[in-house]
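Participant: Please work from the sequences and hints to get the whole structure.
Number of protein chains: 6
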Amino acid sequence: MRIIVINPNTSESMTDHLRRELASISGSGVELVCVNPDHGPVSIESAFDEALAIPPTLDLVRGAERDGFDAVVLACFSDPGLEAARELVSIPVVGIGESALHLAAQLGRRFTVLTTIPQRVPCMTEHIARRGLLNRLASVRPLEMSVLELDADSSRTKIRVLAEARAAASEDGADVIVLGCAGLTGSAAEVERELGMTVVDPSPVGVLTAETLVRLGLRHSKRGLYARPPAKLIK
Amino acid sequence: MRIIVINPNTSESMTDHLRRELASISGSGVELVCVNPDHGPVSIESAFDEALAIPPTLDLVRGAERDGFDAVVLACFSDPGLEAARELVSIPVVGIGESALHLAAQLGRRFTVLTTIPQRVPCMTEHIARRGLLNRLASVRPLEMSVLELDADSSRTKIRVLAEARAAASEDGADVIVLGCAGLTGSAAEVERELGMTVVDPSPVGVLTAETLVRLGLRHSKRGLYARPPAKLIK
Amino acid sequence: MRIIVINPNTSESMTDHLRRELASISGSGVELVCVNPDHGPVSIESAFDEALAIPPTLDLVRGAERDGFDAVVLACFSDPGLEAARELVSIPVVGIGESALHLAAQLGRRFTVLTTIPQRVPCMTEHIARRGLLNRLASVRPLEMSVLELDADSSRTKIRVLAEARAAASEDGADVIVLGCAGLTGSAAEVERELGMTVVDPSPVGVLTAETLVRLGLRHSKRGLYARPPAKLIK
Amino acid sequence: MRIIVINPNTSESMTDHLRRELASISGSGVELVCVNPDHGPVSIESAFDEALAIPPTLDLVRGAERDGFDAVVLACFSDPGLEAARELVSIPVVGIGESALHLAAQLGRRFTVLTTIPQRVPCMTEHIARRGLLNRLASVRPLEMSVLELDADSSRTKIRVLAEARAAASEDGADVIVLGCAGLTGSAAEVERELGMTVVDPSPVGVLTAETLVRLGLRHSKRGLYARPPAKLIK
Amino acid sequence: MRIIVINPNTSESMTDHLRRELASISGSGVELVCVNPDHGPVSIESAFDEALAIPPTLDLVRGAERDGFDAVVLACFSDPGLEAARELVSIPVVGIGESALHLAAQLGRRFTVLTTIPQRVPCMTEHIARRGLLNRLASVRPLEMSVLELDADSSRTKIRVLAEARAAASEDGADVIVLGCAGLTGSAAEVERELGMTVVDPSPVGVLTAETLVRLGLRHSKRGLYARPPAKLIK
Amino acid sequence: MRIIVINPNTSESMTDHLRRELASISGSGVELVCVNPDHGPVSIESAFDEALAIPPTLDLVRGAERDGFDAVVLACFSDPGLEAARELVSIPVVGIGESALHLAAQLGRRFTVLTTIPQRVPCMTEHIARRGLLNRLASVRPLEMSVLELDADSSRTKIRVLAEARAAASEDGADVIVLGCAGLTGSAAEVERELGMTVVDPSPVGVLTAETLVRLGLRHSKRGLYARPPAKLIK
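Chains as they are written, first to last, in this note's numbering: chain A, 1 to 235; chain B, 1 to 235; chain C, 1 to 235; chain D, 1 to 235; chain E, 1 to 235; chain F, 1 to 235.
Since the hints were made in silico from the structure, they are not lab data.
A few of these clues could be false.
One copy or two, it doesn't matter: identical chains are merged, so the pair holds either way.
Computed list of lysine-lysine pairs in DSSO-like fashion (alpha-carbon distance at most 27 Å, straight line) [to be verified]:
#1 K232 - K222
#2 K158 - K232
#3 K222 - K158
Facilitator: Next comes the structure, spelled out in structure tokens:
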């Protein structure tokens, strides 16, 4: 089974980070390839960043199906281009945000999503609302660090993650933490150990969800929401 | 006052259509300019089409602010790129879908949105849900015509619009019709005359909403959801 | 075009205030008339006040249609009698509360409504819920001043508005302020200047919404919710 | 214990009907008085009718407290003036609509409300939505008879009630019927006998709810929504 | 009329407490019997406790119908086994939680439910959500006392109830208190006297609701949700 | 890794069926054990059946943790006892209903759940509502066959599944089918082949979700909803 993980931003360092963290996760017989587009923003922190990142990401998705991959994992928590990607191809496309939120909903009473900068709070909240999971949301808390800062300074990241998780538990009633950025992968061991909270790390969840879909022969339905786009002139 | 209407697809014919229909609408002292990007899809009928149309549309939005326009109207009912556009500029950006839906909610009990092809029904429904207006929705009904067919064959379009409006009233309990495609502008006089339903035509509503915002000195808040995107490297 | 603004309470001073503030707003070719009933409560701060204010207000609405006005604006934020008014006449009837809430939802992430006395908070919240806009509500905050105090002491009013807007931004996450009383018209320039929040002033929004409806030939549908009441004996 | 039942319309015949039907319901030691205002509409079938009926009804409510009644029952299914009545007095005020809907929610999976004319469907639906009970609503079905026709022609009423109840069960999945008009009191024995559905008759439910409140010493809280209206000039 | 009150836990002391408190409540001509199962947990504070308490409680419910009781009241606020009980019998089965929540919704703007230990907060919240009444919920507050502590130490219980009610009013905007445990019956006179809040005591409400249903000949519908379970082998 | 699949009913034949269908699904290095309790109902088709099945199922869950299993899968679509099971143990407990619903929500626009007898429709609908997924539900359709009939007559089952899936697509707008009974495992190949719909078979999804949780070291949080029950006397 061959699974491709697409980091939709152009930060090679973040792709390397994902590659390292995911290496030990995938099952036997699974080949995992991690890539990123070569143009677009180096991190995704606004609707504008998403808009620029999506077209080159969709090119990679289409290429992945052509190259015989069995599934695609979009490794950005806001799932940019997820719907368009599912329209374009027939192999399963997993959004790490969507799959992590649905799993988190099964593991406790209320989850807190940790995001990067304060401006991302509204967008994350809508992400969750669209999936019907607001009744499981304790809070969205910003770490007040940019995506690139998260990636560059792992010790400060761990301190901030632990602090916000502690506040989520005591102030917001959360019992589950969702790491709301692919750049946070691997940074939360202390949260479980020190706080006894369950921590959902979206990138590994995305990869194992993709593996589950391939093993069960499941993929998104092409009958409705994800029908192939009508052919047309694109100038 | 100068208002720019941006048709986010690359169909000049549809931009001409909008220009003609909107000419008589705008107030005295309002200069109205209608444009479209020169690359991207000729019509928008999928999430994939939206993904490709958004970046060139955002270029036009940014140019409009630079050129001193007082407001922008995005003239596609699915409001592609609306959030990113508001992040990018400080002048008001009106989505014809959003403004038409909020006005329709004030004009009756339940509205039916007429869309183009059946695949657009889920996306339109989510559009309405995100705005909190599902309690005012009677139905989304596809005309079973593509955007370009609507634009090319106005007599068949009128027949289909009337037929679906009639069904919306009798089967779905609608008392208001929303024309869910910029290409439908001007095609619904019969619906009001023959059925006594109120018909909301989004492009004119968008233009007058923009005019209202400019006259009142109102624009979207830059404190939260629409804050300017963080500066960063874009490869 | 002739638009009538009906202040449903019997305070002439508040009607004068509205007349002054709205004079500069309306478009060229628009004649604006501001009136109030001659019996009923001098201000509206309870369901009981609304109950007494509605019948004389409806008389004015009916008179306005008979006198050839093109549209009616009900200038009280709680929109007393809006539904009954739309049943009675065929010209558009705009509620300043309803139209301001729908516009505010288009201008930011979450709005805070400033109301008068604490007892009005539940009623305002329900007002917003009925329109489906709770997902856009940050908070309803009372100024702890009665309607007549607002009208009489504009400097204290401005101080209170600024203080509550500041708290709404910092404590409730609001980026938009809605002035939830017609008596607040014109009192919020500092909020925009000092806090960078968008402020929606309902009375001007109501007038321009009425103007938009008349210019587009739109009015509420008489097929459903707003059908003319059955004729009957009224003792 | 003394309970007053106020029919808010001016139809003496409907008040007589209520008096007869309720006579056998009330507990030992309960004195039941049925009245109606002497001015206002003879039936309530629109927001306009409600607007005219409320002020004289509120006079009766205030008088009831002054005269030492222990509780008030407002005997119109749309509960006109309920909120204002609770503001005015400290004795319990029961709306037959509200109390019947909350009881119906405890008796089955989904209820259907039978109303009078088709125009009342939206208003009834909102009535239910405001109470949070839409998840228990199967449908609102009009009998296509006016209030006065219901009151005048009891045999045709029974036929129509049975027909719509049958359709509610087979087409809408209802297992409970709520008689959505005080004029329907006593007309539904066949529905239970022939269809095995549970039928909730709001006027008796309202009376026994009032009796329950008095026996338990319960009344609406005056701390929030139902605080006494501020004193003020009423011209 | 004969009504049986079933305390689903095995604490005789709590059953005695209920018997004493309810003795004065029931109407003339009503025989009230209070019982509890002889095996199962001594108090109900988890889903596990509920699971063990339900089968012996259902035996008592079935026995009650066989013994000619006219109605059953399940006297535990979380209504364990309510749905199964209604499937099993045709006499009305009242859950004190369900009936108290629906009555509380009619008595104010927002209620606070007082529960026992913090772990019960999520379950109580879901209880309320399932009934559609979240829009009436101010908060669920734990007394931080176990069920048996409540029953054993009535003076400490009264102090805690008053303290949490006070906090509910000032911090959560509650105007109504619901005593969320049958063991709290009779412990809240001070809350009304000192705070002017309305206090809903579920056990008496459950008994009078049962009496109302019997007097009106009402019971849950057997056509849908509460149909008799299919006969089958039970090993 | 050792995973135990607990069929909560006492039908050995259904346990055998599950064992056969799941044998090929689990990953290398996974030992899968399928069991059922030896007392309780032979199938689960009512709240009453659930009530009787839960206590012996919980015994098996507790035993599984003691015997060193890494995860538990509850193999009944209505997830009886799921919450109590998670309270009792610290190893992950997966409900096949819950995990299948959350996966189905990621694979299309709207899913239809196929259930057994019509009486189960309300309970299934509530199951979905509690998880926030009503916005993804097209319909719940009964096969009009009991659980044991499904298990005994696989050819008739396949015909019924195909017929209802076809109706779900054409009448209800479904693009995904969820097999709402463990007894349906393996019966839906034709639905995908003939209708092009995505079919979610809950038992395999439950097993692979358990495997995912174990591989990622994830389990439900014990801080909130699933805290261990307070120790107490159980008579």
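Participant: Now tell me if each hint is right for this structure.
Facilitator: Status of the hints after comparison with the structure:
no., hint, in the structure
1, K232 - K222, "within (19 Å within a copy, 37 Å between copies)"
2, K158 - K232, "between (48 Å within a copy, 24 Å between copies)"
3, K222 - K158, "between (41 Å within a copy, 22 Å between copies)"
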